[in-house]
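Given the structure of chain A, go ahead and fit chain X onto it with the hints provided.
So the protein lines, in turn, are chains A and X. Taking numbering that gives the first Met the number 0, I'd label the letters of the first sequence as residues 0 to 743. Taking numbering that gives the first Met the number 0, I'd label the letters of the second sequence as residues 0 to 156.
Keep in mind that the hints were calculated from the coordinates and are not lab data. Ideal Cβ positions, reconstructed from N, Cα and C, are used throughout, including at glycine. Treat the hints with care, as some may be off.
[To be verified] Only pairs whose alpha carbons sit at most 20 Å apart, straight line, appear in this in silico SDA-like list of lysine to any residue:
#, chain 1, residue 1, chain 2, residue 2
1, A, Lys612, X, Ala131
2, X, Lys2, A, Glu114
3, A, Lys612, A, Arg722
4, A, Lys407, A, Gly397
5, X, Lys2, A, Phe167
6, A, Lys490, X, Leu93
7, A, Lys537, A, Ala576
8, X, Lys2, A, Thr108
9, X, Lys2, A, Ala111
10, A, Lys5, A, Gly547
11, A, Lys268, A, Asp64
12, A, Lys612, X, Leu93
13, A, Lys128, A, Pro46
14, X, Lys2, A, Leu112
15, X, Lys2, A, Gly547
16, A, Lys5, A, Pro630
[Unchecked claim] To give an idea of the chain X side of the interface with chain A (calculated C-beta under 7 Å), a few residues:
#, residue
17, Leu17
18, Leu93
19, Tyr140
[As the list claims (entries may be wrong)] Chain X residues, not near chain A, derived (Cβ > 12 Å throughout):
#, residue
20, Gly11
21, Val76
22, Asp125
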Amino acid sequence: MSEDRKFRWVGTRPIRHDGIDKVTGRAQFGADLSLPGMIWGKLLRSPHAHARIVSIDTSAAEAIDGVLAVVTATDLPDDDPKVADLARNILAREKVLYHGHAIAAVAATSAALAERALDAITVEYEVLKPVLSLEAALASGAPILDEARRPKDMEDTGPTNIAARCEFSRGEPESAFAQADVVLERSYETQMVHQGYIEPHACVVQTKEDGLIEIWCCTQGGFAVRSLTASVLGIDTSRVKVTPSEIGGGFGGKTTVYLEPVAALLSRKSGRPVKMVMTREEVFRASGPAGGAKIDLKVGATRDGRIVAGTARMWMEAGGFPGSPVQAGAMCIFSPYDFDHLFIEGFDVVLNKPKVAAYRAPGAPQVTFAIESLMDELANELEIDPIDLRLANAAKEGTQLPYGPRFKAVGMIETLEAARAHPHYAAPLGKNQGRGMAVGFWFNNGMNSSADVHLTEDGTAVVVTGNPDIGGSRASMAIMCAEELGIDVEKVRPVVADTETAGYTDVTGGSRVTFATGWAVIEASRKIASELCIRAAKIWDCDVEQVGFSEGHCLPVEGSGLDHAPLSVADIAKQMARTGGPINGQAQLNARGAGPAFATHLCDVEVDPETGKVDVVRYTAIQDVGRAIHPSYVEGQIQGGAAQGIGWALNEEYVFDEAGRLENPGFLDYRMPVASDLPMIDAVIVEVPNPTHPYGVRGVGETPIVPPLAAVANAVMAATGVRMQSLPISPPRLLERLLGAGDV
Amino acid sequence: MAKLHVETSVNGEPTEFLCEPHTTLLDALRNDIGLTGTKEGCATGDCGACSVTLNGRLVCSCLVLAAEVSGQEVGTVEGVADAETLHPVQQKLLEHAGLQCGICTPGVVVAAKALLERDPNPSERDVRFWLAGNLCRCTGYDKIIRAVLDAATEMRA
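Extracted from the complex, chain X is given alone in its bound form:
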């Protein structure tokens, strides 16, 4: 079976790749495009480690077919920081020790950034429910939530 040719944009850069019809966006990013920052924790949309944005909207890349992103804009964790500066969410995660093993962190970064773009002033409850789709088994979430709230404060200032 011939592979599909997909032209898309990843982190603002024009990108093209070949994939099988059943290939997920997650697998295309990791295996075909070589962006391994997006992680697979479950491949069933339950853990959020593969969070990316599609035209600005937060999605689980394991639940999107790679062929679907033709002509769309994909945002991954690799596109969050500028060349020289971390995004406030990344910086605050470091300052608050909001990561231990770090496997959920790319998903948390992408999801939290998407939240703060929608709602610059979320409550603790808002952050907890928004990030309810991002499983973390190390931290008990405490320091992640504090980091996101602190990033929100800094971004509003």
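Looking at chain A on its own, in the form it has when it is part of the complex:
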């Protein structure tokens, strides 16, 4: 379906339409709205990582002058099993399951008063032993978070902290290992990390006298907030309206709700609009980080570098409630490679840490750290160039994925070849420096999208979708509309609308907006083009079959015998009223065929042998994006994802004390990369068009965070001879290994 066509706007770099508002401070983010009569909500959070709630007494808080509402879990219904966990994560009911778990909320006339009123709430706890590691969660006799829960897809073994199991298998891996000349069996570990969006969660919520709820919040999906809030409150979805603010980063972490249902309850009780804004500390302690993982991996290959078999067992932290992305990880781990015999098993494990949420390619960075570290070791062992080893096993069109389907056209080989041809790969290295490479894979998603395009009487267009613009998607939508209508991209106004204005759309996530919502924009714009032809036929008093549309003009088709000067979009727009009325295009789809995206990353590090500090000195990220609609924002996704992956590899980790208190809930101690930590990141775009999409678009945003963990670790290995199988490669951890390197 992808068309071989010459584009006018696709592939250009216009200034984003919301740009001026964002460089001048005018853009309104989650915490920026204030309403008349607005009051402030604050949450009381658990001081224990694991405890039974014996009683909660809010009467003293309620008696404080200026406190207008207090709520606890008993203010929420508890009759929908589908949202039982979500509701309990928002306000704890029987137990608190992590330090910082919300228990009660207060709304008062000032934020400071609300904060003080929290101290007046008395909670009696029966403190339980916390479960703080995968090992502790799985140990026999471990404290069980939920005695009643039984694992999904698994034999009932009684109470357990395993919430679910998944398995994928093909062939006879155990016997196939006998055909291998080399078999490597290794264990890998990663820690809990946070998305690190700079904007804390925030909302303003008004519950009105008739029970209608209006929410303003920073979210990746207004419709997701609408349905989740309605479900948690036990009301009809149509009783909730969500207006998404501008969003200050999300990376998957803003695809669920924390504050909105609580603020709705506080507003219902007080009759006032309620604003809630998390502090940075609350974001770290009680939003949805990405879980740590343990991966046991075994891969066998022949002397000439062909993989014959692989097995993987993995455990991922879900936090206090089930829902780690272990299944996605299990589906990803062997997907870059084409071999016959495999077995993959994954376990979703609950423990006393915050409930995880999505984080950019959920599950893939952890498992790819494992497989790409092992592939590096295999290349060394076989004395084969690491790119050649991957090429020898690379997935391509027709390769069957471990979970069943076969790849259509994909660009793994193309990114590897681009990496080998890149000057970076052959550049000389300095003292204490080393080079690593790794590949990455992510499925990408399609899902539901809608788009409305309205033609203005001057021939310009307005594009309305419901997808919050988290990284330049307004510009992409405008480009695609301009491409179809043949008008200037500046003449398109892209709008992100509320849930009662835009048609339904799934979240801005899964690398899906430019692919799926963009596709809806293309279809809606094509409907306008068709309607323009109908109008031109009316103006010319001819059959519509005699009218064609090209480059922004209606013109007589060849052989029609008509002799008219072409009519531009603006010419026809001027005559809309006389030719049949307004011209609007609407389209919706449940997009299938999101093309998977492969990337190859090259990383050079320099290691200080005295301190163990690792500096990334050169980085190249090559990715198949299908078709780059706005190359600057495509590069931006690639560079930003690489930077997050570098942070994950080198420094980022949740550090808990033995009581389960997070010890580094701030940006000073949770050390994300700053400008002086990084080099320029060379983003190289490879375009292997996605055969499903009209322009060939694949999702872009998630894949770039997949390769860096291993690319960095492999570079550290090349620089020092030390292979780090546990992240992060922070100075104390690496220094310990460097000092003991002789023993390894």
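Coordinates of chain X only, in the frame set by chain A:
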């Protein structure tokens, strides 16, 4: 407790407001003065989203008490552009796509402008270390750094 009355100048305009003794400049700007362009990312001076200038000097407004700005000159992102023209730092951020979500952008604009007023010809390393206090989680900094260097070039011309 009676509120404090503060008379100050914000973006060159005389401004007065009432605040509690513990109110930060960040909260006063956002909640009392109504200038929400200055953002809160951490409230502990680690992220730079709340960058403003105080008598021309770059500060984190979350670490300044509102009462302290009495008689001082505060500069915020809202004062960076002229009525009709963007500052070169703003223009170059747009041209280089040096922003994705845009939440760190006001702080980056204020900080980069302050850098170029001190040093019209910074190296890449200078820009990286000056902006090390402005966290951006979206861009990997590449396009921000290029935008600031390009703005410097244009301002020197």
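Verification of the hints:
1. Lys612(A) <-> Ala131(X): holds (18 Å)
2. Lys2(X) <-> Glu114(A): holds (19 Å)
3. Lys612(A) <-> Arg722(A): holds (15 Å)
4. Lys407(A) <-> Gly397(A): This hinted pair holds, its Cα atoms lying about 6 Å apart.
5. Lys2(X) <-> Phe167(A): violated (65 Å)
6. Lys490(A) <-> Leu93(X): Within the cut-off at roughly 18 Å; holds.
7. Lys537(A) <-> Ala576(A): Given that 20 Å is the threshold and the Cα spacing comes to 12 Å, the pair holds.
8. Lys2(X) <-> Thr108(A): holds (16 Å)
9. Lys2(X) <-> Ala111(A): holds (14 Å)
10. Lys5(A) <-> Gly547(A): Within the cut-off at roughly 18 Å; holds.
11. Lys268(A) <-> Asp64(A): holds (16 Å)
12. Lys612(A) <-> Leu93(X): violated (34 Å)
13. Lys128(A) <-> Pro46(A): Holds - the C-alpha atoms of proline 46(A) and lysine 128(A) are around 13 Å apart, at most 20 Å.
14. Lys2(X) <-> Leu112(A): OK: lysine 2(X) and leucine 112(A) at ~15 Å, within 20 Å.
15. Lys2(X) <-> Gly547(A): Answer violated: lysine 2(X) to glycine 547(A) is near 70 Å, above 20 Å.
16. Lys5(A) <-> Pro630(A): holds (16 Å)
17. Leu17: violated (13 Å)
18. Leu93: holds (4 Å)
19. Tyr140: Tyrosine 140(X) check passes; min Cβ-Cβ to chain A is 4 Å, inside 7 Å.
20. Gly11: holds (16 Å)
21. Val76: violated (4 Å)
22. Asp125: Violated, because the least Cβ-Cβ distance between aspartate 125(X) and chain A comes to about 10 Å, which does not exceed 12 Å.
Of the numbered hints given earlier, the model fails hints 5, 12, 15, 17, 21, 22; all others are met.
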